[in-house]
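Undergrad: Chain residues, written in single-letter form:
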Amino acid sequence: MDELIIAGRSFKSRLMVGTGKFPSNAAMLLAIENSGCEIVTVALRRVDINNPGDSMLQHIDRDRYLLLPNTSGARDAEEAVRLARLARAAGCEPWIKLEVTPDPYYLLPDPIETLKAAIILIKEGFNVLPYMPADPVLARHLEEAGAVTLMPLGAPIGTNRGLRTRDLIAIIIEQANIPVVVDAGLGAPSHAAEAMEMGADAVLVNTALSDTANPAAMGEAFKKGVEAGRLAYLAGLGPQRNKAQASSPLTGFLRGEK
Amino acid sequence: MDIIVNGETWEIEPAITVQELLISLGFESDRVVVELNRQILTSSSFAVIHLDDGDAVEVIQFVGGG
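Sequences listed follow chains A and B, in order. Residues in the first sequence are numbered consecutively from 29, following the working numbering. Residues in the second sequence are numbered consecutively from 118, following the working numbering.
Watch out, some of these pointers could steer you wrong.
[Claimed, not checked] What follows is a list of derived Cβ distance ranges for each label pair: (1) B:Asp-169 / A:Met-29: 54 to 62 Å; (2) B:Ala-164 / A:Gln-86: 16 to 24 Å; (3) A:Asn-205 / B:His-167: 47 to 55 Å.
The set of hints was computed from the structure by calculation and includes no laboratory data. Cβ atoms here follow ideal geometry from the backbone N, Cα and C, with glycine treated the same way.
Please work from the sequences and hints to get the whole structure.
TA: Written out as structure tokens, the structure is:
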């Protein structure tokens, strides 16, 4: 069985889904169900003390989905480490999607602070899944530090622009010995399929589902895109050529001359 | 007495426990994480830790995110 193995734990689905920005909890739950995912990400924020409201956590079936808290909002390693420890104190398994994004406009991950935080958290026993720039050299450092996956971005978070960093992601995939999860910027199932065809081990999407008219249907579409891409990768894509290669023989045409 | 909750000054009865604070704010103790003066508390300690004047409390929950 072609299972995804992260930190010794196996998963059937190669699609991870974020839970942010859905129009409702119901839409979010339907989208993640249709996606077939087994890992969902969540964030940590201050409660609104003037408005208690509903905890989204109670809606997510923890027997069905592995909750992967992220450190979104962290601007440096210290803030990320604090958030990771808070997530662990909340009773989550010690898996953390490490996100350190000091610039709010492009939300690009800070490579130096990410590596710094990764080293600290790995020492504290976390399974660290670092969101990172598509930098193959940084990937090496994170792998050596003990990260359990690499999560290079395709394009800035929420932009739906696809695999803008594809050439670098290809190098990361080639050189990595741990699973590569393309995370951020994917907007269409075809983007996810392409990442899988390139040999990515999984992809993570959020905006691609939540910011659409029909998140439930898009969840299913992405499920199929990821499956198609993975099947194609395992089957082996044919080579690209310059010269046309006819599908039928160039002889025996129904023409005047013999 | 006054404490700070999530950056806001908040008036409370003297020496109430963290648990009592959460109840008064309307939060379930199993759905939030609490930091007291930058120390993360275990949920089992909520009922036994009493708040002091000027304490800084952070009440944090999970929200949607990518």
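Undergrad: Each of the hints needs a verdict: does it hold here or not?
TA: Hints, verified against the model:
1. Roughly 56 Å separates the CB atoms of B:Asp-169 and A:Met-29, a value that falls within the hinted 54 to 62 Å.
2. At about 21 Å, the beta-carbon gap between B:Ala-164 and A:Gln-86 stays in the expected band of 16 to 24 Å.
3. For the pair A:Asn-205 and B:His-167, the supplied restraint of 47 to 55 Å holds, since their beta-carbon distance comes to about 51 Å.
Of the hints listed earlier, there is not a single one the structure fails to meet.
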